[in-house]
Structure formats: structure tokens, C-alpha cells
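Read top to bottom, the protein sequences are chains A and B. Using my numbering, read the first sequence as starting at 1 and increasing by one per residue. Using my numbering, read the second sequence as starting at 1 and increasing by one per residue.
These aren't lab readings, by the way, just hints derived from the structure by calculation.
Partner residues aside, some chain B positions facing chain A, computed with beta carbon under 7 Å: (1) Asn75; (2) Val143; (3) Glu146; (4) Thr147; (5) Ile150; (6) Gly157; (7) Leu176.
These numbers were taken from a predicted model, which means no experiment stands behind them. Heads up, the beta-carbon is just placed ideally off N, CA and C, and yes, glycines get one too.
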Amino acid sequence: MTPSLVDLGAILPELLIVGAACLLLVLDPITPSSKKDLLAWMSLGALALCFMVTIGDLNHRVLAFSDLVIIDPYAAFWKLLLYVISGMTILFSMTYLKEERIELAEYYGFILLSLAGMMIMVSGADLLTIYLGIELMSISLYIMAGFKRFEAKSIESSAKYFILGSFSSGILLYGISLLYGISGSTKLTDIAQAVTSRGFDDPMVLFATMFLIVGFGFKVSAVPFHMWTPDVYQGAPTSVTAFMAVASKAASFAAFLRVLLEGFGGVKPSWQGLILVLCIATIALGNIVAIVQTNVKRMLAYSSIAHAGYALIGIVVAGSVANGDPIASGGVSSLMLYLAIYSFMTLGAFAIVGILRRGGLEGEELDDFTGLSKRHKGAAFLMMIFMVALAGIPPTAGFMGKFYLFMAAVNAGMAWLAIIALIFAAISAFYYLRVVMVMYMREPSAAQENETRLAFTPTTSVVLACAIAGVIILGVFPGPLVSVTTSAVMSFP
Amino acid sequence: MTDMAIPSGGFPWLTLLIVLPIVGVGAILLAKEGAARQVALGFSSLVFVASLPLWVFFDNATAGMQFVERHHWINSPPINYALGIDGISMPLVLLTTFLTPLCILVSWTAIETRVKEFMISLLVMETATIGVFCSLDFVLFYVFWETMLIPMYLLIGIWGGPNRVYAAIKFFLYTLAGSVLLLVAILVLFFQGGNTFDILALSQAEYAPSLQALLFWALFAAFAVKVPMFPFHTWLPDAHVEAPTAGSIILASVLLKMGTYGFLRFSLPMLPDATELFTPAMMTLSVIAIIYGAYMALAQSDLKKLIAYSSVSHMGFVTLGIFAFNAQGIEGAIMQMVNHGITTGALFMCVGIIYERTHSRQIDDNAGLAMPMPKYATFFVIFALSSVGLPGMNSFVGEFLVLIGTFVWSKLAATLASLGIILAAAYILYMLQRVIYGTPSEKMVTKLVDLNVREFGMMVPLVILIFWIGLYPKPLLDVMHASVDRLVQRQAQVMTVDQVGPIPQDLTLISPQRSVLSTPVVSMNR
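Make the full structure from the sequences, and use the hints.
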């Protein structure tokens, strides 16, 4: 079958991004190293173009390539979010790469390739399409994690991510093959029919569900499949860590939710209980282990695990049978809102960690933050806002994200789940506030006192401004984003 | 519902009060480092002036909300930016706006580092507390309620005493953990009370008694930590002792009131059956707090700790009055909230002033102040006696009303609570005897300089308020009557309805008394 123009038009953003990525890889060798920034601006331009195209998808639904790809408001929402995240990552990297002396411009190409993978994931209507997207995203990320190739930690991070990542992909693929066995197809709609007719006590269905959950659980770093997260996050260059923690998590959640709801919507009890266990374990372990971390990047890694746990509440609610309609219960839309908000908070926090690096400080140990408020008021204040937001204290967006999630949980008759999550959110305040305490309530050492040159470059300032604007504006006026998410989930069948 | 929302007649006074301090924050950011104090004082005084119309234009005749503003904030779920005040919240708003300029004055020379940040934290606190007392939407209330944690955490943690980091995180985690269940309760109320966060609508809705019981404890967790009720009070002495003077004043005078205000605004009107059911438990905890707090105060050698424990005792009177659930008790409780704000704030101010001179809060280091500091000693004695509840001064009115209200509910509880007043006399007089009339320690005596003009000026308005409320409380009581009567009548109605069905014997004994009491028997200064 030859793809028609309609099909190609549907995946225009993906084509643009892949094209831009290839162009970047070609242009890289012929660009003098003093002008590598040009490549970054080019990728930003590609993102802006895609943004325009995808905005148009926010209100229609198209199936392309004989139902392999779906373009619907749900996918469009995630793509828009991913563009913003990628754009902020690229802007931030322009400064960070120079500081770290990483002069490989394939960097931007890989960001775009990995973004293309994520975009394919979120608009996959077929398990194989989704799998292809996951692989494209993951392989690019494996390479990017090792970009500080002269540092053992970075190499270790890359290798660990690669080995565990391939393993989980294998499990995912096994699940897909089982599903092919029972339905004779990899399309989500066909799988849904086969699964519904077999019922959830069929062992084949159970195994397939379990394998899929393990595979995706790894990608979103849900406990107990989270082991890779702290090491990989710590070792990878900070800009890459931020990208992984935010973009790949958002894309994986998007695909995860679509597979569960569209493919397994008929057998909710088979997976809701499993997700519930994962959810509670993830929230508990992420928050408790984060308390003992002294490395800020590791702490943020565990915090990202914990936040994945909160987001899983959205899936649990969407899978609650009592509430019938997954859309009305608000599980899906609150998850989308939460991940969007989480992106801004986490990107902001990682950007501050990266900026400290610029001061000649390592910026990764908690001690490096000592007395930051005396040395650089602005950076300390921003970090405080991000920490407070991650802890979920109003009037920041972190609160609004949790509010909608917990509201969905209470609506689904799971007030107890909201209570558990909230108790751990209160515990999390301890380690987030420790950063604030170190910055504001400890005196900097004599050596640190001289390190006032944490100058923001224009590009990092833009990143921080976007992040703080997201955290504050979404906290005070979440209304518009809420209506976007609620209308986006209407496209679910 | 019809009589409940009276529009403000146009001008958004309450929004002005909430926004002005934030504008002040902006001005401080732009101001030079040296001018932060003046700017902050200017804005907080402006807020106080802007809050006076609330008193002047307040309509005592109605129980409805006044100065109401209502705008859509978020459409789904329906969350409104809804503000309004009634006779319960109005005095607390004024208390907040009145005390904030004093807090800035008291920190004038005491705070030398990071003055800008300090003043910003104070003003953000002011916005958040006014917001808490004015909110008519439960989510808006919660947002303000939690927002207040951060500036308070910074106030204690940055400008506090040696053990400040521990005290700050303890304060933060205690109150945050308390609010956890509050948020869930808000969400449950939303779904059970007709898909609304409107506080007035939620107060009108009916909830099943078993659900009420659960919700009652959820709200209790949040409010009891703030008050703080025994046994959730352990954060208070730490926070008070370590906080800078202004922080202690805000904490004691305004922040603790948020807990008792929560009981009055939410627990009582929304959960009348559960309140009735758990009244004995609440009364017991209150009496324990009164006596335990007083006993602990007797044993303290640190002035701030002494006042902190006296706070526990005095706030016990407030909860006692609230859960007596009759007109006298509740009016007494609100009076006591205001009085405790004034008196304890004044006492902390005095401790701050002496601490600036001697850098010690120990009673032994600050003994015998009457000779070197006669003006200071005069004020200190006035405030201390007000704290004891001497007739003619403010606290007497509140405590007396609370005791009358309690007496109706249980003679035993009232008797035990009166013990608290006797103990208060004991610890305060014992403290006065040493601090004012003791022999000054040799090394300190040179540092004991009497009040300067600024300090004198801070004391005078407090003294005026103490005697005004003490001698002529009628204007303040008039403000509360309508709102409190409605609260009590609603409870009486609920109880009358209950009597139709099979109910335990002891409830029938209480209810007739309740309905009698909603028409005031004791007319004090009315």
C-alpha cells in the first residue's frame, strides 16, 4: 500500500521533526564550532513550526495509515506539551553544553529524534507503532545519557539505561506478541474486542496485561521497576536528565493510558488492581527514599518517581469500574494536567541545578546550595518556588495538579487513596524544604561566598522565566489548561 | 440562603485588603535596602486604614455575609473567588490589619539582616490571613490557609533563635500534616453537599450522621493542630521560642485564631450532629488544655515559653466556649480570640523589647525591671494583668462569657476551667514578682534602658484596646450577636428535628436547654 497524501499530511509534524533532525546531523560537520548555536535555533524553529501545525489537531480526530496512527486532540495535547518541553530543554542546553564542554552537535539532532519517537508513541493506534516510537525515543536517550563521555558516571548511566531499557522493551514486546496470539492483530481496537470477549480471567489476557504493565512501568519508572532511575538521572548531563524526567515520562504515560483504556477498557478489573499496587508503592518508596538523598539530582530522581506515583492515581481512577465512564471521572484529564504542571516544576528545578554548575560549582550536591540566598537571591528564590510547587503547596501549580488528581480519586470513591497520597505529599515537604533550608538558613562557606558568578545567560533566563510562569500562572489560573485537557479526553471512544 | 449574601454596595473592600499587602511586596522589591521598613510600615498602615470601613459600615442587624464579592475563578469544578465577612470574621480581620503594622514596628531595630525579605514575608502573611478569614469558597480558603505556611516557615527559620531550623520544620510539618485530611474533607463535602465549594451552601446541606463523624475528625485534625488543642500543641512552644518577636506575635495573635475560626465556620454549621456527638470529647480536651497549659506555664523559666504555654491555656477557653455551643459560649470564644490576640501579642512585644536589650529571655536575667525601666514595667504589668483576666480588662469579658456558657453545659467543666484562671493568676503574678520587682542582676543593669518613643507608641494602642474592651465591650458584642444567634439557632433546629426520631436520652436533656439559651439569658453589658 502506498501512503496517500492524506496520510502524510496527518503525520506532518513527525515528518518535520525527523527531517529537521536529519538536516541537523548533516549540517553538524560543516558548522564551525563557534556557530553551533545556529543548530539549536534551527531546531527551535522546527518546533515552532510543528506547534502551529499541531494546534490545528486540537479539535479533530483522524486515523491514518490504515489505522496505525491516530491524530486526535488527546495526542495533540501531548505533542504540544512535548514541543514546549523540548524547546525549553534546547534553550537550556545552549548554555549548559558550553559549560560542560560537550561540543557534539548531534545533541540537538538526538533531542529531535527522541521527540519524534515520543510523538509517534502518543499518536500510535497500534501496539507496533507505539513500540517503534518507544524504541526511537529510548535509543536516542541511551546515547544522550552518555554524552559526557569523559566521565565514568555518564557512561555508566548510559550503559545501565541501555541494558535495563532493552530488557523492558523485550518484556513489552512479549506482551504484544501474546496479544497478537489472541487477537490476530496489533491494532488497539481489534485487541479490545478480543480481550473483552475473552474476559479478564483468561490467563493469556492476564499475562499480556502484566507484561505490558511491566514494560510501561519501567518507562514511567514506577516501583518496583524504578531501579535504573536514580543512577541514570545522576550520571546523565543535567539537561538530558531534565528531558528524560519530563518528556519521556509524559510520552510514556500518554501511551500507557491509551493502551490501557482503548485496548483493555473492557477488562478494567484485570489491571486496575495492579496499577493501584504500583501507585501506592511508587508514592511511598519515591518519597521515603528521597529523604535520605544528599545529591540533589538523585533527590529529584526519587521525587520524579514519587510524582509518577501521583500520576498513576489518574490511571487508577480511569480504571475504576464503579465510576463507569473514565472520561467523566476526571482520571484522564487530571493526569494530563498533572504531567503538564509537573513538567514546568521539574524543568525549573533541574535548570537551577544546571545553572549552579556554571558558577564553577558542581551544583549537584545539597551542600552546593548552602547559603545560596546570600550569593544569588534570584536563583535561590526560584529554586524555593520550584521546591514549594513540587511539595504541592498553594498558590503554586503543584497544588492545583494534586487537587484535580485527588478530586478525581474522591469522585471515584477512593478517598482513602487520596489520604495516603496526601500523607506522603506532606512527608515530601520535608526533603523539598530541606533545599530551602540549606539555601536560606545556612551561611555559605568562605569559598562559596566568592562564587557569586551564577550569571544567567539570556537563554537560561528564558527557560527559568517559562518555568516560573508555568508554575505560578497555572497555580492561580489553571482554568484554561483544565478546559483544554477536559475537551481533549472527549476524543476517547 | 436568601438573606445570606449582601453585596458590598460596589466597592471591593476585601479584595483591596488582600491585594494591598501584595502591592506592598512589589514596592519593597523596588525600594532601596534601607527603605524597606518604611515602605512596609506605610503599606501595612494603609491596609489598616482600608480595613476601618469594615467596622464603620458593618450592619449589626443581619447575620448574613457582608461586603460580599463573587467572581468565577475556575469553571470546572465550580470554584469561585468569593469573599465576605460576618460578625465572626470581621473582628479577626481587623485584628490582623491592626497587628501587622505593630509587628513591623517591633522589628524596626530587632531585624538587621535581610530586612527586605523579612518585610515581604510579613506582608505575604497578612494577605494570606486576611484571605483565610474572608473566603466564602472552601478551595479559596484552603489556598490561603496553606499559602501562609511558607512565609511563616521562613520567618521562624531565617530570623529565629539558635534552634530555629528545627522549630521551623516542626511547625511546617505539623500544620501541613494536619491539613492533609482537611483537603480530603473539602473534596468529600463537595461531592456530598451538591457539587459546590460555596461555604454558605455547604453549611445549608445535610450530611448523614456517620459521614459527619468522619468529616468532623478530618476537620479536627487540621484545626486542632492550628489552635493548638491538647495533645497537638507540642510544636507551639518550639515555634514561639525560636521565632523572632514579630513572628511570635503573628503566630499567637492571628495564626492560632485560624484554627478556632475553622471550627466556627466549618465544623459547627456543617456538621451539627457530629459536633453534638463529640462535644464531651472536645470539652474534655479543652479543659485539659486549660489546666495543663497553665501548669506548664508555672514551671517555665523562659519568658517566651511561659507565654507560649499560657497561650495553650487561653486557647483552651476559646475551644471550650465554641463547643459549649450556646450564645454566651460562642460570643465569649470570639471575644477571647480577639483578646488573646491583643494581650498575648502585647506580652510577646514586651518580651521582644527586653530581649533586644539583654539578649536573654530568661526570667532570672531580666529581673527587677521596675526601677530601671518604669514605663516598660507599667505596660508590662497592665498586659500581664489583662492576661490573668482582671475585671475591667479585656480578657475578663471573654473568659466570663465562656464560663457562663460552659456552666450551662456542665457545671463540672466550668468549675475545672475556672481553676485555669486561678492558675493563670499564679503563674503571671509569680512571673511579675520576679521580672518587675526582683533584684536586677549585676551584669544586665546597664543595658536596661527604658522605652523609646517608637516602643512607647506601639504600647499605647494596645492599652487603649484592653481597657476599651474591658469596660465597654458592647460594640464588639453587638457585631457578633446576629451571626452567633443564627449559628446557635441552626443547631437548635437540627436538634429539634432529631427529637422526632428515636434519640438517646441524654440528647433530649440537652436540647431544651439549648433552645432556651438561643435567646440570651445573661445580659452582660448589652
